[in-house]
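S.K.: The whole structure should be built from the sequences, with the hints applied where relevant.
Same order as they appear, the protein sequences are chains A and B. With the numbering used here applied, the first sequence corresponds to residues 37 to 270, in that order. With the numbering used here applied, the second sequence corresponds to residues 1139 to 1443, in that order.
Treat the hints loosely; a few may be bogus.
The calculated lysine to any residue pairs, modelled on SDA-like cross-linking and capped at a C-alpha distance of 25 Å, are [what the hints assert, rightly or not]:
id, chain 1, residue 1, chain 2, residue 2
1, B, K1236, B, G1296
2, A, K228, A, M183
3, A, K194, B, M1351
4, B, K1263, B, C1291
5, A, K38, B, G1364
6, B, K1420, B, D1382
7, A, K228, B, F1159
8, A, K194, B, A1285
Per label pair, the in silico range of CB-to-CB distance [claimed, not checked]:
id, chain 1, residue 1, chain 2, residue 2, range
9, A, G121, B, P1365, 29 to 35 Å
10, A, R73, B, P1380, 31 to 37 Å
11, A, R232, B, M1139, 24 to 30 Å
12, B, E1341, A, L259, 53 to 59 Å
13, B, L1309, A, M37, 36 to 42 Å
14, A, R156, B, Q1361, 44 to 50 Å
15, A, L259, B, M1301, 57 to 63 Å
16, B, K1263, A, K228, 34 to 40 Å
Note that these hints are calculated values from the structure, not bench results. As the structure is a computational prediction, the values presented were derived from the model and not from experiment. All C-beta atoms in this analysis are idealised placements derived from N, C-alpha and C, irrespective of residue type, glycine included.
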Amino acid sequence: MKPRIEVVAIDCLMVRLFDVIAEDNMPWMLAATRRLRESFGAALVDLVPSYTTLMVHYDLFALSPVQARELISLALNGLQPEPKGSGQCHVLPVWYDLSVGPELTLLAQRSGLAVEEVIRRHSQHEYQVFALGFAPGFAFMGLVDEMLATPRLNTPRKRIAAGSVGIAERQTAAYPVVSPGGWNLIGRTPAKLFDRERDGYSLMQPGDVVRFEAVDHAEFINLGGDDTPLEAQA
Amino acid sequence: MSRLLIEASTPLCLLQDAGRFGVRHLGVTQGGALDWVSMSWANWLLGNALDASVVEITLGGFTVRAEEYCLLALAGADLGAYVDERAISPGRSFILQKGQRLRFTQPFSGARAYLAAPGGFDAPKVLGSCASVGREELGGLDGLGRALAEGACLRYSGTGGAMRVLSAEQLPNVHSKAPLELIVGAQIGQFSGQSLFDAFNTEWTLDSRADRMGMRLLGTPLQYQGPSLISEGIPLGAVQVPPDGQPIALLNDRQTIGGYPRLGALTPLALARLAQCLPGEKVRLAPVVQETAHQQHIEYLRRFQ
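M.R.: Encoded structure:
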C-alpha cells in the first residue's frame, strides 16, 4: 500500500490510501488515523476519514504545506494494519416492521427472498463503520449482502423519523435525527446515535463494528423506541 | 452585564463564531461566520479574541433595543444600519444608550454585517462553539441552532473596548472585483482542457440557490472526464462540479464528506469576499498554488496584530 498525498485546500491535504471500498481497508485506515493523530498532535485541527481517504486539516500557523506533507510521510512510513477488533463493537436493536420500514417489501421483491430472510441477512452481518457524514452521528456502514443491495429512492422522503434504519446500494445506516433522506427504510432503532452529553458525542466512530439485532415491538418500546408509523410523521 | 432586546429578526440572523473543530469525523459541520474577515475586524475593534461570538446579519431586517448602555462594533456589509435616526457605517465601534435602537434596513453594499460586543455575546458552547447550525440543532442562544428570534435577548459580560474606527486599508473591500483565488486540487487535470480555460477565463454568475452550505456558480458548464469518485472529506471552500457542470462553492455549513469532482478550494480571503456577494453578481476565478496562498494568508493576518 502506497498512500498518495494530494492538495485539497489552504490547510488540508488528502491522504489517499485505497482506490476501492473494501472491508479490508479498515485496519489500515485505523492504523493511519492513529499514526497521524500522534504525529500532528496539537497541530491537527480535524482528521476526516472516508472509505478510502483521510483528510488532514492542520493548523496553518503551526505548519507550512511542505511541513505538513513531510509529517504525513513520516507518520505513514512502515505502516502496519491495526490488529482486528481495535474498533469498538456495537449492537443496535432494530424493530424490523413495515410500519417503520416500508421498503422491506421492495427488498423482498427485488431479491426474491422472504421478508424474514431479508431481515435475517441484514442482521447477521458485522458491519464496518466506513465514515460518518450527512448529519452528526450518521454512520455509513457496509458492506450489505449483495442480494439486499438496492439503489436510493428516486424521490427522497422529506421527513424520516430519527432511528430509521435504511439501505442504499451495499451500505446501511441509521438516521440520528429527523431529516430528509432517500434510503430504503427497513426498520427503526431506539438507540440514541448522537448525544451532545456523551463523551465522544457519537455512538459510532469510524472504524467501529456494528451488528443489528432484531427485537419485537414490546422490546423496542421498552428500550424507548418511538413506534409512530412513518406515514403519520410525513 | 449588558442586554439587547431583539425587536425584529429573520432566519438569516445568526449567532456565529469561527465554528466547530475536532468533530468533523463525526459528521458535524463547521458552521461559523461566512465572512470571517469582517467577523475578525468587528471583534478587533473591541479588543476581543478575533473569533469571539458575533451576530451575523444577512441582508438586514434586524433590530435590537439597548436595555442598558452598550458598546458595540460593526463590520462587513453596509446594510443601511441606523442608531435611532442616525445612519452608522460599518467599520467602527459605537455606543447604544439605554433605550436606543440599532436597526439594519437593507443591503446597500455587501450581504453580511457582523455585530460584536465586548468579550462576545453570551451563548452556550455546544461541541466547542456557539455557531448556529439549524440543520444539526447545534449552537445559537438556545444551543439548538435556532436563528435569533424577536423577543430574545442578547447579553454580554465583557467590559473592555474603546471607540475605534477602521482605517481605509483595514476596511475589508467588499467591492473588490479581483478574481477569487482557488487553490487547484488533485482532480484539476481530469477536467477537459476547454473546461479549465473556461473555469479561469469566463465570468460566473452567482445563482439565487445560495445558502450557508454552498453557493452555485452559473456559466459555461464544466466537463469532468475522470472516473466517478468515492466520497471523501470536503474542506471549507471546495469548489465541486456536479454532473450539470455548474460549480458549487461549499461553505461553512457544508456536509462533511461528498463525492463530486472538485476544481480545488477557494482561499479563506476569497471566501470572505464571496460571502459578501449577492445573487446575480459576477465573479471570476484565478488559480493559485497552496504555498502562495498560505503565505498570502499569513501575511494578511498580520493586520490584526
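S.K.: If a hint holds in the structure, say so; if it does not, say that too.
M.R.: Now for the hints, and whether the structure bears them out:
Distance restraint check for B/K1236 and B/G1296: the Cα-Cα separation of roughly 17 Å lies within the 25 Å cut-off, and the hinted pair is therefore satisfied. For the proposed pair A/K228 and A/M183, the alpha carbon gap of about 29 Å is over 25 Å, so the pair is violated. At most 25 Å may separate the alpha-carbon atoms for a hinted pair to count; A/K194 and B/M1351 meet this at roughly 18 Å. In summary, the hint linking B/K1263 to B/C1291 is supported, as the alpha carbons are separated by about 17 Å, within the 25 Å threshold.
For the proposed pair A/K38 and B/G1364, the alpha carbon gap of about 21 Å is at most 25 Å, so the pair holds. For a cut-off of 25 Å, the pair hint linking B/K1420 to B/D1382 stands: about 19 Å separates their Cα positions. At most 25 Å may separate the alpha-carbon atoms for a hinted pair to count; A/K228 and B/F1159 meet this at roughly 22 Å. Distance restraint check for A/K194 and B/A1285: the Cα-Cα separation of roughly 21 Å lies within the 25 Å cut-off, and the hinted pair is therefore satisfied.
Between A/G121 and B/P1365 the C-beta distance comes to about 34 Å, which sits within the given range of 29 to 35 Å. The given range of 31 to 37 Å is respected by A/R73 and B/P1380, whose C-beta atoms sit roughly 33 Å from each other. Judged by the Cβ atoms, the range 24 to 30 Å given for A/R232 and B/M1139 holds: they are separated by roughly 26 Å. In this structure the supplied range 53 to 59 Å holds for B/E1341 paired with A/L259, their Cβ-Cβ distance being about 57 Å.
Taken as a hint, the range 36 to 42 Å is violated for the pair B/L1309 and A/M37, whose Cβ atoms sit roughly 51 Å apart. Remark: the range hint 44 to 50 Å for A/R156 to B/Q1361 is upheld by a beta-carbon distance near 46 Å. At about 59 Å, the beta-carbon gap between A/L259 and B/M1301 stays in the expected band of 57 to 63 Å. Taking 34 to 40 Å as the suggested C-beta distance range, the pair B/K1263 and A/K228 does not conform, at roughly 21 Å.
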